[in-house]
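Asks: Could you build the full structure based on these sequences and the hints that come with them?
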Amino acid sequence: MNEAYDVSHFLAGLMLVVSFALIYQDRLLAVLRTFAIQAIVLALAVAWQALVQDRPNLFITAGLALGLKGIVIPLALHRMIFRLGIHRDVEQVVGVGLTMLFGLALTALSLMLVLKATASAPAVAREVLAIALAIILLGFLMMITRRNAVTQIIGFMSIENGLILGATGARGMPLVVEISVAFSVLIALFVFAVFVFRIRERFDTVDVEVLERVRGDRT
Amino acid sequence: MTSSVYSILGQGIQTLLVLAIAPAITGVTRLVKARLMRKSGPPLLQGYRDLFKLLRKEVIVADTASWLFRVSPYLIFSLAWLAATLVPTFATGLHFSWTGDVIVIVALLGTARFFQTLAGMDVGTAFGGMGSSRESMIATMAEPAMLLVVLNLALIASSSRLPVIADYLVTQPLAIRVSLALALMSLVIVALAENARIPVDNPATHLELTMVHEAMILEYSGRHLALIEAASQLKLVMYGSLIICLFLPFGIASVDSGPAAWFVSLVLYVGKLTLAAITLGLWEVSIAKMRVFRVGEFLGIAFIFAFLGLLLSFVTEELLR
Amino acid sequence: MNEWVYAVIIIPFVSAAILVVLPGYWLTARLNVLASFLTLIAGLNLMRIEAFSNSYLIIDNLNIVFVVLNTLVGVTTAWYSASYIGHEIETGRITPASVRFYHAMYQAMMGAMNVALLANNIGLLWVGLELATLITVIMVGIYRTPEAIEAAWKYFILGGVGISLAFFGTILTYLAGQQALGEGLPAMSWSLLHANAGKLDVPLLNLAFVFLLIGYGTKVGLAPLHAWLPDAHSEGPTPISAVLSGLLLNVALYALLRYKMLIAANPLALQPGPILVVMGLVSLIFAAFMLYQRRDIKRLFAYSSIEHMGLITFAFGMGGPLANFAGLLHMTMHSLTKSAIFYAVGHVAQAKGTQRIADIRGLSVSHPGLAVALGLGVLAISGLPPFGVFMSEFLILTSTFAREPWLALLTAFGLLLALGALLLRLQGMLFGEPNEPTHTVKASPVPVVVHLILILIAGLYLPGALVTWFQRAAELLG
Chain A
1 MNEAYDVSHF LAGLMLVVSF ALIYQDRLLA VLRTFAIQAI VLALAVAWQA
51 LVQDRPNLFI TAGLALGLKG IVIPLALHRM IFRLGIHRDV EQVVGVGLTM
101 LFGLALTALS LMLVLKATAS APAVAREVLA IALAIILLGF LMMITRRNAV
151 TQIIGFMSIE NGLILGATGA RGMPLVVEIS VAFSVLIALF VFAVFVFRIR
201 ERFDTVDVEV LERVRGDRT
Chain B
1 MTSSVYSILG QGIQTLLVLA IAPAITGVTR LVKARLMRKS GPPLLQGYRD
51 LFKLLRKEVI VADTASWLFR VSPYLIFSLA WLAATLVPTF ATGLHFSWTG
101 DVIVIVALLG TARFFQTLAG MDVGTAFGGM GSSRESMIAT MAEPAMLLVV
151 LNLALIASSS RLPVIADYLV TQPLAIRVSL ALALMSLVIV ALAENARIPV
201 DNPATHLELT MVHEAMILEY SGRHLALIEA ASQLKLVMYG SLIICLFLPF
251 GIASVDSGPA AWFVSLVLYV GKLTLAAITL GLWEVSIAKM RVFRVGEFLG
301 IAFIFAFLGL LLSFVTEELL R
Chain C
1 MNEWVYAVII IPFVSAAILV VLPGYWLTAR LNVLASFLTL IAGLNLMRIE
51 AFSNSYLIID NLNIVFVVLN TLVGVTTAWY SASYIGHEIE TGRITPASVR
101 FYHAMYQAMM GAMNVALLAN NIGLLWVGLE LATLITVIMV GIYRTPEAIE
151 AAWKYFILGG VGISLAFFGT ILTYLAGQQA LGEGLPAMSW SLLHANAGKL
201 DVPLLNLAFV FLLIGYGTKV GLAPLHAWLP DAHSEGPTPI SAVLSGLLLN
251 VALYALLRYK MLIAANPLAL QPGPILVVMG LVSLIFAAFM LYQRRDIKRL
301 FAYSSIEHMG LITFAFGMGG PLANFAGLLH MTMHSLTKSA IFYAVGHVAQ
351 AKGTQRIADI RGLSVSHPGL AVALGLGVLA ISGLPPFGVF MSEFLILTST
401 FAREPWLALL TAFGLLLALG ALLLRLQGML FGEPNEPTHT VKASPVPVVV
451 HLILILIAGL YLPGALVTWF QRAAELLG
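Chains A, B and C, in that order, give the protein sequences. Position 119 of the first sequence, counting from 1, maps to 119 under the numbering used here, and the rest follow consecutively. Position 253 of the second sequence, counting from 1, maps to 253 under the numbering used here, and the rest follow consecutively. Position 226 of the third sequence, counting from 1, maps to 226 under the numbering used here, and the rest follow consecutively.
Just so you know, these hints were derived from the structure itself, not from any lab. Treat the hints with care, since some could be wrong.
To be verified - Covered stretches of chain B, going by a simulated chain A footprint (3 or more residues, C-beta under 8 Å):
{"no.": "1", "segment": "177-190"}
{"no.": "2", "segment": "289-301"}
{"no.": "3", "segment": "304-316"}
To be verified - Selected chain A positions facing chain B (in silico; Cβ < 8 Å):
{"no.": "4", "residue": "His-9"}
{"no.": "5", "residue": "Phe-20"}
{"no.": "6", "residue": "Gly-97"}
{"no.": "7", "residue": "Ala-108"}
Beta carbons are placed, not taken as given, at the ideal position from N, Cα and C, and that holds for glycine.
Replies: Given below as structure tokens:
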């Protein structure tokens, strides 16, 4: 158990650090690269769980995470950024320092919360779930504090990465891991095919500040 | 010989050792940097020659200087030397080791920095004040990170005394610990900042507006300058010893291992320290100095790493309880 | 007998596959209606089955109500959509290319909702709901105007966030079940979890419920998680507004109810009733106030949906046989009425060429048929007799008054507020001199008429069979 725990702890911790790095970046291309790294670490973590839990179908999940989120999606977004000429800096609603402090607070909060609530679950599951929740909250933070449609997508997919990590940590959870990967694909296709082009087409920018015309409650 | 004689002897050796090799270590870094830039560079022993030269030179003190200006070099030197002797280098459990608490060391260095900054402002020049204010800003951001690293290690080893931590990390199986890796990275960044190394500060610069540490000591000359130079060299050795003892403690002897073990440990220690000095030289050549405004972000990263390492340590402790 | 269960799921997906490859709007629209009708038949046949469950699907007294309602509104909306979208294509607001996959998506969405309703596996429930949400997101953005894209984007982001939280809650529920049921499929089966509710790990269950409440609550439109709802309703095509209000909100509520039943069955876990009551009441009153400021007709009725979903949640939160019965009844009535209203509103907007309330006047003169439909629909949804909504609201109020008089007063206050706002706007739209422009709209009156008749009948006389049916479902809800 100790070796299993150690490696999974290492990979989960690494993924958490990369999630912080994701918030820290202020250039779009760096964000894409960091996201690719997060996906690769996720693939490694899932592959390790596949080994340890003796569930070979998780290898498929790991492969999909690596291939799709680690390679295909960053590449596709990369090309799209160049083709659409999207402005390559990311404006931030709140400064980096404050965002990082929020991130730390959210991480501490989620660790406390999950560790308290899961007193009876096995150690690996508890820790992976705690870190998964932290990654999810960091993804939310990223979506809130960045004013660019592309980074909102990346934040959303980083939330998904956290979810996949959590799902693999919960031993023996059937179906769902494959399904969540499939949905990542769906969402990715979705987003590309439908929205970014449309937004760019209509607004000449992907700064979501511009998407304020239909301000819900004013009409 | 009895154990207490050994411990006193060892402590004495350690005290003299750190003083003796400090200029050489700085010399190694300088030499590596120069060679990588295709210059021949100063010889290794140049540091000693510089210090002796300065000791013999006349001291010139400004009219506007107070007693603080004259006293500070001695204070800074002794504090730095004291801190350096408390960090285990080749043996743990030496005579002063009961005081070798990391928090004590941080406090000693903090006091030294305090006097340094005051001395920088003492004469009333613009550059001195600027150096002092920058130094204080860097310290404000580096100290919390340092303390979090200390807390992290104390949490793991259940004590904040350096010899105990070193012993713990030597004897425990070397598991892959993310929290330790994060603590290491954080400590390295803090060490770079405290020792006025690139990317935080350039120790070889002549442009006053880019100086942080150098600006504070612009007014010093003669033996005062020698003492301050020796102090910063000792500080570098101290941080190197700290990182080695915490993260690379293999081969360290204990107080009653006998002279043979001590000798081996000594050689290992000097080797590790030299390696660290060479790495520092390589690093300084590869990276550019940051703008002063960016230093805050850089140290912020150290803080984040330290905090994350602490959180992860806490999680592991909770789970393996 | 059990084949009908699979039929309810398979028919929509197969139809979707067929509709993808067929060209031409006319043909696919008709096929869409046919497929929905077949699904309705399958759904009605489910009523004859005894309770059934395997590791993936379940039919019991609760979800049969939802399935029948779902398939019914699915047919009428498909019928309505045929003429509505046809008109949109004629006037050029939509190009035939952008509606190429519209009907396939419609069927896929219905299939996904049925999957969610029939799912016994909590993962499958999540999958169905997410798939349905994603498809509606695409369909909301179908007009490709800046506002539509913004609305769809907002819906996507908020919906996606909600879905993610719900998934996390699902993982936690699985972990809670793992203690009692072991690893693998059994711990994800709702019926097994419910049967062993007392043995589930309590802190995990509580945490899971919080996440599920926020996640699925976003999709129900409970305040303060409702931000996506008004935009999605107003910027998407009207059939989609009807689908959202009449169907998707219900399916999300169903998911929430299943989990509520689960956690309520464990006496040591936090009691979901009060939370639902509070959230429902807050949504109700908030939405009622917001109704006064609305200037867009579809947005007006979107807030009305928020208000009614709040009321339904309130009723289910109160619990007990009478309140649950009233909640189920109200949910049915609301689906039928709200979709009828949207049918009328859609044609009104087409007739007037605008959605701004201030620009719609004199409908009773220019389009008397539409005016009657809209008028009756609004009267119904405001809770006036003799329509079914009055009956269900009355039941909710009386059952609440018997237990918590103050809550009943607050609820009544919210309902009266909403009544005032809706009647005010209605008056402005129906009466007075008609203004330009006035287009003619060839619309089929069938969907609206069918719904209005149904709610009228329900208001005057609820057939005994129906009452028992709802009662049994109410019992299950506890």
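Asks: Each hint: holds or not?
Replies: To see whether the hints hold, each was checked on the structure:
1. 177-190: holds (count 4)
2. 289-301: holds (count 4)
3. 304-316: holds (count 9)
4. His-9: Status holds, d = 6 Å.
5. Phe-20: Check passed: Cβ of Phe-20/A comes within 6 Å of chain B, closer than 8 Å.
6. Gly-97: Interface hint status for Gly-97/A: holds (6 Å vs cutoff 8 Å).
7. Ala-108: Cβ of Ala-108/A sits 6 Å from chain B, so the hint holds.
This entry satisfies every hint, going by the numbered hints stated previously.
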